[in-house]
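Order-wise, the sequence lines are chains F and A. Quick note: the first sequence uses the working numbering, first residue 118, plus one each step. Quick note: the second sequence uses the working numbering, first residue 142, plus one each step.
By construction, these hints were calculated from the structure, which means they are not laboratory data. Quick reminder that beta carbons are idealized off the backbone N, C-alpha and C, glycines included. Take these hints with a grain of salt, some might be off.
[Said to hold, decoys possible] Subject to a maximum C-alpha distance of 30 Å in a straight line, what follows is the list of computed DSBU-like cross-link-like pairs (lysine-lysine): (1) LYS224/F with LYS439/F; (2) LYS193/A with LYS429/F; (3) LYS516/F with LYS439/F; (4) LYS482/F with LYS516/F; (5) LYS429/F with LYS439/F; (6) LYS193/A with LYS439/F.
[Stated by the list, open to error] Partial selection, computed: residues in chain A whose CB lies under 10 Å from chain F: (7) MET142; (8) ARG195; (9) ALA228.
These are the residues of each chain, in order.
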Amino acid sequence: MRKMRRKGLASMAVQTVATTSESTVDLGPAAALSCRECGHRVPLGPVFACEECFGPLEIAYDFSGYDTEELRRRIEAGPANIWRYAPLLPVPADVAGKPNINPGWTKLVQADNLARELGVTGGLYVKDDSGNPTHSFKDRVVAQALEAARAFGFTTLSCSSTGNLAGAVGAAAARAGFRSCVFIPHDLEQGKIVMAAVYGGELVGIEGNYDDVNRFCSELIGDPAGEGWGFVNVNLRPYYAEGSKTLAYEICEQLGWRLPDQIVVPIASGSQLTKIDKGLQELIKLGLVEDRPYKIFGAQAEGCSPVSTAFKAGHDVVRPQKPNTIAKSLAIGNPADGPYVLDIARRTGGAVEDVTDEEVVDAIKLLARTEGIFAETAGGVTVGVTRKLLEAGVLDPAKTTVVLNTGDGLKTLDAVAGTGLTATIRPTLDSFREAGLA
Amino acid sequence: MSVTVRIPTILRTYTGGRAEVAAEGTTLGEVIADLEKNHTGIAARVLDDQGKLRRFVNVYVNDDDVRFEQGLDTTTPDGAGVSIIPAVAGG
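Extracted from the complex, chain F is given alone in its bound form (with noise of 0.2 Å):
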């Protein structure tokens, strides 16, 4: 019976969303999808682009019955992981009782030493998603995804990926008893690709670079060689979206249930930036937060810009380009949801901007020295954009600021390795004197 159902619920995804049967799966508050450009709406399935427009399919919630304060109360005794939410997710009700990694409730670091070096009068924070299970936010994402996957069937979990994605499909999968086959671009830092493999899922190098590989699964998803696979980041993309809601929640509520004034977000595919936004909106709407303005700011690498290209041109579409930056989970040179960044940097009075891999550098040494923070590059580009437009003018000083770090700096090493010994002594005294150390 399983089985009929899972390969029932494949054929859909190879088909098309005009064949999808109504949705019975439970995910939830979680009611259709929706394209995000022409509105035209389908039942829950995993499918990602529009059939009427080619948009990008999200979720359409019902959250109507909700009581405010009930649902702040609910929410404030669940777990301490993104399930305390669950309400707001496209997840089922018993979510934390099921196999899964459980991200999430990372630390809001008050980061008063790095506010101080950067001028910053108005409260600085820093929102360290390294403490994550995988060490980066895309334990969020996958959570999420391996819900819908479980919701429809699916027992292979896969991925496109830029490093840390693969790591966190591969440890969701194990968890879960998924099996799980990811690719990422062949030229990936060592210690990404060690820490996607120890989960023991496949783990396939592509020859090119992170838009080669999305092409690669977005052809193989319509294939029947990929069919019954769960890509969490393409056919599951709806749901897998929406994990990124939690960093907005869960920084609202960390701050006592407070917009934060100013967010600075990093930029990949920008996804992320418009599910913060969205979670944003959300917590305005069912009342948990007093509605009133924030600005969302976008950060690249110079090497991979081409959103902040976009912005500062003033264009409202996104020229791609080809890549080439250390901060490679940011290298994303065809990023989907670029418009959506620049429609929302512009709506809130927002910003995109980019630094240089010598600035990505520099703001990953300043994190660590000031709070004791090790960012991986995209920390070190959030940083380092922080801290560029502090100087410019642009962020406000005054204000409550809030700056992501997705990822842990043990998997990008490489960036920063010129940091070693200080001196290299003899064990005596005198020579730690003469090496002026004293």
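Position chain A against the provided structure of chain F, taking the given hints into account.
This is chain A only, laid out in the frame that chain F set:
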């Protein structure tokens, strides 16, 4: 010039479920026009009201993203493979 066009899942209603179809044309624009002749309705899914590629459609001629080439004017050599793919986010 005859090329092979790889059809994404969401457009296979126009090709009778086929994942690959043959088409004629010396440029991508001509190939799409030829597709439309044989699979009526498909062009409106790929092109917007101004006749440009929709922003969430990626098209490759062999291994090259046409946005890095000449868009709809990209030449399609005899025997080329053309892939139409919905844009997806990831990371």
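Each hint tested on the structure:
1. The straight-line distance between the Cα atoms of LYS224/F and LYS439/F is roughly 34 Å, outside the 30 Å bound, and the hint therefore fails.
2. Our distance criterion of 30 Å between C-alpha atoms is met by LYS193/A and LYS429/F, whose separation comes to about 24 Å.
3. Pair hint LYS516/F plus LYS439/F does not hold up; C-alpha atoms about 36 Å apart against a cutoff of 30 Å.
4. Distance restraint check for LYS482/F and LYS516/F: the Cα-Cα separation of roughly 24 Å lies within the 30 Å cut-off, and the hinted pair is therefore satisfied.
5. The hinted pair formed by LYS429/F and LYS439/F meets the criterion: a straight-line CA distance of about 19 Å does not exceed 30 Å.
6. Between the alpha carbons of LYS193/A and LYS439/F the distance comes to roughly 22 Å, so the proposed pair stays at or under 30 Å and holds.
7. The beta carbon of MET142/A is not positioned within 10 Å of any beta carbon in chain F (closest approach about 22 Å), and the interface hint is therefore violated.
8. At a threshold of 10 Å, the smallest CB-CB gap from ARG195/A to chain F is about 5 Å, leaving the interface hint in force.
9. A cut of 10 Å between beta carbons decides the hint on ALA228/A: the least distance to chain F is about 4 Å, and the hint holds.
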